[in-house]
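Model the placement of chain Y on the given structure of chain G, informed by the hints.
In case you want the letters, here they are:
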Amino acid sequence: MSVKTSRMETPPASVSRREADLWNLGVLPILVLGSLSGLLGVYWDISWHIDKGRDTFFTPPHNFIYLAILIVLVMSLYALVRDRRESPLHLTVGRFRLHPGVLIVSVGAALELFFTPADELWHRLFGMDVTLWAPMHLIGVMGLSLLGFGGLITSWIERRLSAHRVRQQLFGYSSLLFAATFLGWSMLFLAEYEFNIPAFPMLWHPLLLAGLPTFTLVLVANLRPVPWAATWTAVLFTLIRGLLAGWLMTSAGFDLAGETRPLIPMLIVSGLAADLLVRRRLPRWQLGFILGVISLLANLPLVEAAKINWHSGALLTGVPLGLALSMALAYLGAAVAAALEPNPVEADRPVEVGRGVQV
Amino acid sequence: MRPFEKRYCFAIGLLLLWGAVLADHTENGRLGSFGTVHIVEQGAGQPTRIEVDTDPAVTGRHELHFYIFSREVGSGAPLRRLIPPGEPGRYVLEIDFPQPGRWGVSMRYGVGLDLYYAFVETVIEPQGLGTKKFATSFRGGLDSGTPRYVQSVGFAVFGLLAIISLVLISAVLRHVKVRQVGQAQT
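So the protein sequences, as listed, match chains G and Y.
Quick note: the first sequence uses my numbering, first residue 1, plus one each step.
Quick note: the second sequence uses my numbering, first residue 1, plus one each step.
Worth flagging that the hints you see were computed from the coordinates, not collected in a lab.
Every value quoted in this text rests on a predicted model; they were computed, and no experiment measured them.
Chain G is faced by these chain Y residues, among others (derived, beta-carbon under 8 Å):
1) 61
2) 77
3) 80
4) 82
5) 83
6) 84
7) 111
8) 146
9) 161
10) 162
11) 165
12) 168
13) 179
Positions of the beta carbon are idealized from the N, C-alpha and C atoms, including for glycine.
Isolated chain G, as found in the complex:
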């Protein structure tokens, strides 16, 4: 496959840039819905499995997950076909102009295409597996995580392509929303520890709790789609998880969920620290180390209260590895931000766009 970049063209006067974006096409709002639907479905499904036991194909939580998978499949294809703008940021493959953010969502869609039959086959061959970290489940979660990450990249690129101040603000907010859902998907990998039903050693809990939030928080603190972006991302994440908990409690009243509730990780302090430390331009490894320590310390009282046993063996191995992971992900988060915004001075100068969306 040969990939070449497209040439810039001057936009025809008849084409309104305000109409030629992925928000107006409905792609971004529906992707947000898909990301939230998937998060709701997975947490509800775990709660269902814990207290209500095995289930059938079409349970309410499963339906939310299927909706998320359907959205990621349909919307990535739809956006790739409909978006015909020629900007320097789009990739040209044959007749197609491919939006980089949508391409990332499409990678997630491809993973979902693999996951759906593979998971069914896995269950038929090896029986019911009761862990979120079953290999096929991990592939499915990774695919839906890319919905959040790809949505964030898509929103950011739309912000760069837009020439209108109000539109740029809108894409700044949608970047924030996708960052919060991506943080939600990142933290979903800890769900079994949050429900206190781990099927893997406890050392993974402090390890991943120290490391995983750092990537999103450093990325969004560097991009700064709105002031205090990492803090707002963490606040939105907490709000989403609070609403999910509320939903679980409500549905339990109708015998549609169990009694077991997940712990909600405290990431607001980490978000605040990310915003402050990125402004101070700390070396990335220091940034990652400090954020890892803060994530661990901020959650320690919650972990104690939830009777999750961070025993000495788990801490001795999990904490150093978690801090190392946090440093690596701080590096990666900053590198992704640098790829999206190589020159912060140019951040508000729109990239020129040629032609329009084929409607």
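Just chain Y, lined up with the frame of chain G:
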């Protein structure tokens, strides 16, 4: 058929039936360790000590996950605790049973899909004092005939797909970076 032949046939039939039940039993659940459970009871609302000794000792410093739930109607949320081994194969949990009555204690160890479960049931008395002893066995949760390496193969597939995805995403982001730098220079 003569009467003594009938008796032989009946005995052989019983033997085969017993063998079939035994074979089915061993195939349905892969056997892990045997467990001896001591519950040292102080009564409801007081710390109760649960000691589990596994034989052969569970190796690899596996943690033991306890899922303790009341079997009475209208009882509260279950209790969940995870305990590392104090010494190889020995696990000790101290826990308050909030109310008297029948309680189930489910235990499991293992990693991922390869989990082993055991269960005992006890009655907690309001003023109970004393030690109860139970013998149990840990049985595998995977279907019979499923080789243990499937989990490793599955993770290898996941790892491969993760690497391919990361490479593709890196290529896309590199393209965006190159084009933005070019745009800024013009």
